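Number of protein chains: 2
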Amino acid sequence: MKTRIAIIGYGHIGRAVEQAIAGAADMELTGIFHHNDPLDNVEADVAALCVPSREVPSYAERLLEKGISTVDSFDIHTRIPELRAKLMPVATKNKAVSVISAGWDPGTDSMVRAILLAMAPEGLTYTNFGPGRSMGHTVAVRAIKGVKDALSMTIPLGTGLHRRMVYVELEPGTDFATVENAILTDAYFRNDETHVIQVPSVKALDNVGHGVNMLRYGVSGATHNQRFEFNMSIDNPALTGQVLVATARAATRLIQEQKFGVFTMIEIPPIYLLNGDTEELIRTLV
Amino acid sequence: MKTRIAIIGYGHIGRAVEQAIAGAADMELTGIFHHNDPLDNVEADVAALCVPSREVPSYAERLLEKGISTVDSFDIHTRIPELRAKLMPVATKNKAVSVISAGWDPGTDSMVRAILLAMAPEGLTYTNFGPGRSMGHTVAVRAIKGVKDALSMTIPLGTGLHRRMVYVELEPGTDFATVENAILTDAYFRNDETHVIQVPSVKALDNVGHGVNMLRYGVSGATHNQRFEFNMSIDNPALTGQVLVATARAATRLIQEQKFGVFTMIEIPPIYLLNGDTEELIRTLV
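Chain order of the listed sequences is A and B. Going by the working numbering, the first residue of the first sequence is number 414, and it counts up by one from there. Going by the working numbering, the first residue of the second sequence is number 414, and it counts up by one from there.
Hints are computed from structural coordinates only; laboratory data are not their basis. A hint or two may mislead.
Mimicking DSS-like on lysine-lysine, the simulated pairs with C-alpha atoms at most 30 Å apart in a straight line are [said to hold, decoys possible]: (1) A:K672 / B:K616; (2) B:K561 / A:K672; (3) A:K672 / B:K558; (4) B:K616 / B:K508; (5) A:K561 / A:K479; (6) B:K479 / B:K508; (7) A:K479 / A:K506; (8) A:K508 / A:K561; (9) B:K561 / A:K499; (10) B:K508 / B:K561; (11) A:K479 / A:K672; (12) A:K506 / A:K672; (13) B:K672 / B:K616; (14) B:K616 / A:K508; (15) B:K616 / A:K415; (16) A:K499 / A:K479; (17) B:K479 / B:K499; (18) A:K415 / A:K561; (19) A:K616 / A:K415; (20) A:K508 / A:K616; (21) A:K616 / A:K499; (22) B:K479 / A:K499; (23) A:K415 / A:K558; (24) B:K558 / A:K508; (25) A:K506 / B:K561; (26) B:K558 / B:K508; (27) B:K672 / B:K506; (28) A:K506 / B:K479; (29) B:K558 / B:K415; (30) B:K479 / B:K616.
As the structure is a computational prediction, the values presented were derived from the model and not from experiment.
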């Protein structure tokens, strides 16, 4: 029986989820709901929340209360424990599953970080992002008075440090130096090396590509100098959409096992993300 | 309460398991058993099997029959489904857990392969091993008449192809050309580019370093050109021992949940491999 999945929010991520469902033989799309559509008509085993991160808590809560399981790619790292605590009683009470922060970071990168820590419990992990657009930083710049459009690129400098390249398109009559100063003193930017560049069109620069370079230098047992590296060069919404669909599949497995509640990806067996017969997957992957 | 763990087999891997236990606050070593010691006195929650792969099935069966859970790093890829099928009824009947093929490949690499497949369900994964010593190939060469000692190095050529560099130390009076021909026509070598080199001392070349370069080129949803890469440069027994200890921890969790039976690492949530409070691990890793 196919997993019936609804898409809530139909921007970049929602469209990518639609494409991933179309490629998944075990998934059936039951509806697409635009941001702010009423949720009364959602008919699904799992709702893929493709709304902005800040709205995930409220959407998840309302759907879980209807007994509909949810998956989301909530990406405000510091607020994940709070989201988990908020949704746990709602999911449990309504015999539903909520897999939170199920994109690529947080998400699959988190799984890789957990595996690296198991392989070398002492040591350092550096997660280097980019080159790619940071949504959070971009939104912060767009909120500045006189900014018509903006793009904040994250450039990896290694050892978890990042340069911010901020491209701004200004409203006529706006003073560039004032905007530049507002950016450089903003909490999002003031701790990073930041460069602000005025451009005639931000749209001409747009690109949903992104990447990661994760490094761990650590110790296994009593042996030092164990080195691990994980790299990706990816289309950001396409990967996020694909991971959400894989996670909806895992949610279905957890529901079948009556393991209700809130899960992050590090709490999920990797095989639950995959379509196919267990023995065949073990034969080909292990 | 600490997990009580016994080491069965005390070669490179057994010693590495001992070191990993010493570094794990939640583990307690209850005994070290040499290869061929009787198993009557094993007192443990989990036995780490550090015997040669070919002997894992028999050791695992005997321990599981006593209700002692097992972890092993059985590495004959083609025979993993058979091992799983053999141990499943024994583990289930005796309310025990057996985690099989829990080294780095098969093992943690298998988890990474599963996650890569979830991220890009269509595409190709290449696993490139080395440079490092292949135990299976080395053993095959040592069995040839006139070979006093041997070392078969695996050199990655990319796209899953490997060169075999075979270093042989011969008994006096042995004809090199005869040995070389026996190696080149052996089933272990005849499909790979193989070079045989005579050396005065194999011991002088020995090194337990190894590595992996795993690549996936694939499609997420409808988007092509998604690229993923995983690299390691590691001490082989140290990593294998560390993974076995992490897996013994996971076995303890599965026993607590009364999920008895046989598991491969792709069937285990990554967080089960880690020591620490769930909320704290989620906060730092996700």
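Verification of the supplied hints:
1. A:K672 / B:K616: violated (53 Å)
2. B:K561 / A:K672: This hinted pair is violated, its Cα atoms lying about 57 Å apart.
3. A:K672 / B:K558: violated (58 Å)
4. B:K616 / B:K508: Outside the cut-off at roughly 45 Å; violated.
5. A:K561 / A:K479: violated (40 Å)
6. B:K479 / B:K508: holds (10 Å)
7. A:K479 / A:K506: Holds, because 11 Å separates the two Cα atoms, which is no more than 30 Å.
8. A:K508 / A:K561: violated (46 Å)
9. B:K561 / A:K499: violated (66 Å)
10. B:K508 / B:K561: violated (46 Å)
11. A:K479 / A:K672: Since the Cα atoms of A:K479 and A:K672 sit roughly 17 Å apart, the hinted pair holds (cutoff 30 Å).
12. A:K506 / A:K672: Answer holds: A:K506 to A:K672 is near 12 Å, not above 30 Å.
13. B:K672 / B:K616: The hint is violated at about 45 Å.
14. B:K616 / A:K508: violated (61 Å)
15. B:K616 / A:K415: violated (58 Å)
16. A:K499 / A:K479: It holds: about 16 Å lies between the C-alpha atoms, which stays within 30 Å.
17. B:K479 / B:K499: The hint holds at about 16 Å.
18. A:K415 / A:K561: violated (45 Å)
19. A:K616 / A:K415: Violated, because 39 Å separates the two Cα atoms, which is more than 30 Å.
20. A:K508 / A:K616: violated (44 Å)
21. A:K616 / A:K499: violated (37 Å)
22. B:K479 / A:K499: violated (44 Å)
23. A:K415 / A:K558: violated (49 Å)
24. B:K558 / A:K508: Given that 30 Å is the threshold and the Cα spacing comes to 66 Å, the pair is violated.
25. A:K506 / B:K561: Not OK: A:K506 and B:K561 at ~68 Å, beyond 30 Å, violated.
26. B:K558 / B:K508: Since the Cα atoms of B:K558 and B:K508 sit roughly 46 Å apart, the hinted pair is violated (cutoff 30 Å).
27. B:K672 / B:K506: holds (12 Å)
28. A:K506 / B:K479: Judged against 30 Å, a Cα distance of about 40 Å means the pair is violated.
29. B:K558 / B:K415: It is violated: about 49 Å lies between the C-alpha atoms, which goes past 30 Å.
30. B:K479 / B:K616: violated (40 Å)
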